[in-house]
Amino acid sequence: MGTTELLQFALAGLKNGSIYALVALGFTLVYAATGVINFAQGEFYMLGGMLSVWAYADLGLPLPLAALVGVAATALVGIVFELTAIRQRKDGDPLALIIITVGGSMLLSSLARHLFGPNERALPLFSGGGNVSVAGAVLEVQTIWIVGITAVSVAGLWYLYNRTALGRAMRACAVNRDAARIVGIDTRLMVTVSFVLAATLGALAGLAVTPLTQTAFDVGPSVGIKGFAAAILGGLGNPIAAVVGGLVLGMLESLSIAFISSTYKDAIALIVLLGVLFVRPQGLLGRSGREKV
Amino acid sequence: MSSDLAGRHNATPVLAIEGLHAGYGRVEVLRGIDLVVGAGEVVTLIGANGAGKSTLLKAIVGLVHPSGGTVRLRGEDITRIRPEQAVRRGVALVPEGRLLFGPMTVRENLDLGAQSRRLSAEALRADVERVFELFPVLSERAAQSAETLSGGEQQMLAVGRALMADPALLLLDEPSLGLAPKVIAEIFSALDTLRASGLTILLVEQDAKLALRHADRGYVMRTGAVALSGSAADLLADDDVRLIYLGAWHGGGEG
Ligand SMILES: Nc1ncnc2c1ncn2[C@@H]1O[C@H](COP(=O)(O)OP(=O)(O)O)[C@@H](O)[C@H]1O
Ligand SMILES: [Mg+2]
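Protein chains in written order, with the numbering used here: chain A, 1 to 293; chain B, 1001 to 1255.
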C-alpha cells in the first residue's frame, strides 16, 4: 500500500476519530459528575443532526441558524432529561441511573421517529462540495469542518475546565462529591451542567457529520457504543483521555479497513472495548483504580 | 455535670442539637442526641470507635439525613439542610478521612474552601495568606497537588480549607488520626490559636485526654447516645472517663 493511500485512510480515521472524541467527551463529563455511564449519549448525537435538519428543512431556516437551533434544542433536551429523569433519583444509585439512561435513550429515539419519521434525512455540506488535495490524498472540505468543530470544542472545554470557577467546581465534584458539597458546591447543578455539555458536544458531532452520512432516528446507539469504547480506551473520567481515545479508535478502524477488511470496521470498537477491559481497565491515560486522598 | 454551662454567655448557642436521630438506611446510629455549643466555646466529643461521632458531624451538615430531632444554628433550624447550604450558613466540616481534592493543588484546595463565599481575587489571596500564617508549610507546598503531601500536611490543608469558608462553627473529625505526636502538637497548637481568636469549635476525637486538654467542655458518646457531659476539667477527673477513655488508652492506671 502506498503512502498516499495510507494518508487517505489516516484522514478518514481523523474524521471518524473526531466524532468519537466528541461523543466520548460527553460520556466522560457525565461520568465525572455522576459516576454513571449515560447510555442516552448517542441520542444527543442523533438529535443534533435530526433537530438541525428539522430547523433547516421543515422550518426553512438558513443553515447556520438551523445548526444553532439544532444544537441549542439538543442542549435543552439534555437539561430536561437531567431534571426530569436523573435528578428525580435522589439517592443517585448508579444502577438505577444507568437503567434510566437506557430508557431515556429508547424514549428519545422513539420520539424522534414519531416526530420526524423513519427516513434518513440530510443537510447540505457546510461550504458546498469540493475537496482539497493533501499530498495526493483527497480531503473533503466537510472533514475540515468536522475536525475544526472538534478542535474548537476541545479547546473551549479545556478552557472551561482549567481556567474558570465553574470548571474547577466540576473537577472538584469529579474527585469527590461529598468533599465538593461540604465546600459549598451544588453538585446537582454540576450534574445538570455536565448533561448540557454532553448534549451540546454530542449534538455538534451529529450536526457536523450529517451532511456526509445523513441521519435518522436510529443512528444513536451505534455511535454511542463507539464513543463509549473511545472513552473507556482513553480512561473514563478524563477529558483529554476521551479525545485521545476517540482519535485512536478512529485510526484503528481505518487501519483495520486498510489492512484487514471493511467487514470488521464496526467490530473494532467492541474488540477495543473488551481488550481494554481485560488488559488495562484504567484505559490508556487513566490512573489505576479510583484513587482518593 | 450538666450542659447548662453552655449558655454561659447568656446568648443563643451557636449550635443546639435536640433529640437527634440519624442513621444509614434502616440502621439507626444516633438515638436521641442532645448537645450544645456556645459562642466561642471549644467542645469536644469523645467516645470509642463506632459510637457515632462522625455520623453526628455528618448529620449536622446534612451529609446524613436526620430522621428526628432538631439542629439549630444560632437559633435557626437547619435540620436536614443540604451540605452546600450548611457551609453558606457558616458551618465548615473537616471530615473524617479529610476528603481533600487529591489531584488538585494546595492552592486550588484552599480556593475551593471559599467556594461558598463571593470573594474578590484580592480578598481570596488575603484569606489564603491567613491560612499560610497558621500552617506555614502549606505555603511552601502551594503549587503541589494535595495527594503528594504528608499525612500531617494533608490534615493541615483540610483544616485550612474549612477555615477558608470563614465559618462561625468549625467541626473537626479526628484531626489527630494517624499522625505523629509532633505533628499532632502542631495541629492542636493551631487549634488553640483559633480558639484564642474566638472561633467556635466542635472537636471529635478518640484521644480523649488530648481533646479534653484543648477544650472547654466535653461530651462522651456511647453507642449513639450521650453517656456523660461536663466541663473538660471535670471529665478529665471523672473516674469512669479515666478508666474507660483515658486510662485504657494510655497503658492504664496513670496516676
Ligand atoms: N456509610 C455508612 N453506612 C452504614 N453504616 C455506617 C456508615 N458509616 C458509619 N456507619 C456505622 O455507624 C456507626 C457509627 O459510625 P461512626 O459515626 O463512623 O462512629 P465514630 O465516628 O464514632 O467512630 C458504626 O456502627 C458504623 O459501622
Ligand atoms: Mg469517626
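Any given hint might turn out to be false.
As the list claims (entries may be wrong) - Pairs of lysine to aspartate or glutamate residues, derived as DMTMM-like cross-links and limited to a Cα-Cα distance of at most 25 Å, are as follows:
(1) A:K265 with A:D91
(2) B:K1209 with B:E1186
(3) A:K265 with A:D218
(4) B:K1209 with B:D1239
(5) A:K90 with B:D1077
(6) B:K1182 with B:E1153
(7) A:K265 with A:E120
(8) A:K90 with B:E1028
(9) A:K90 with B:E1096
Derived from the structure by calculation, the hints contain no laboratory data.
- Restraint status (C-alpha distance of K1209 (chain B) to D1239 (chain B) at most 25 Å): Holds, at about 13 Å.
- Sort out whether E1153 (chain B) lies within 25 Å of K1182 (chain B), counting only the CA atoms. At roughly 12 Å apart (the allowed maximum being 25 Å), E1153 (chain B) and K1182 (chain B) satisfy the hint.
- Keeping to a limit of 25 Å between CA atoms, is the pair of K265 (chain A) and D91 (chain A) held or broken? Judged against 25 Å, a Cα distance of about 40 Å means the pair is violated.
- Take a quick look at whether K90 (chain A) and E1096 (chain B) sit within 25 Å of each other, Cα to Cα. holds (24 Å)
- Query: Is the straight-line distance between the alpha-carbon of K1209 (chain B) and that of E1186 (chain B) 25 Å or less?
  - Reply: holds (16 Å)
- Message: Would the hint linking K265 (chain A) and E120 (chain A) be met if the CA-CA limit is 25 Å?
- Response: holds (22 Å)
- Item | K90 (chain A) paired with E1028 (chain B) [C-alpha distance capped at 25 Å] | This hinted pair holds, its Cα atoms lying about 20 Å apart.
- Query: Is the straight-line distance between the alpha-carbon of K90 (chain A) and that of D1077 (chain B) 25 Å or less?
  - Reply: holds (23 Å)
- Query: Taking only the CA atoms, is the gap from K265 (chain A) to D218 (chain A) under or equal to 25 Å?
  - Reply: This hinted pair holds, its Cα atoms lying about 19 Å apart.
Going through the hint list in order, the structure does not satisfy hint 1, though it satisfies all others.
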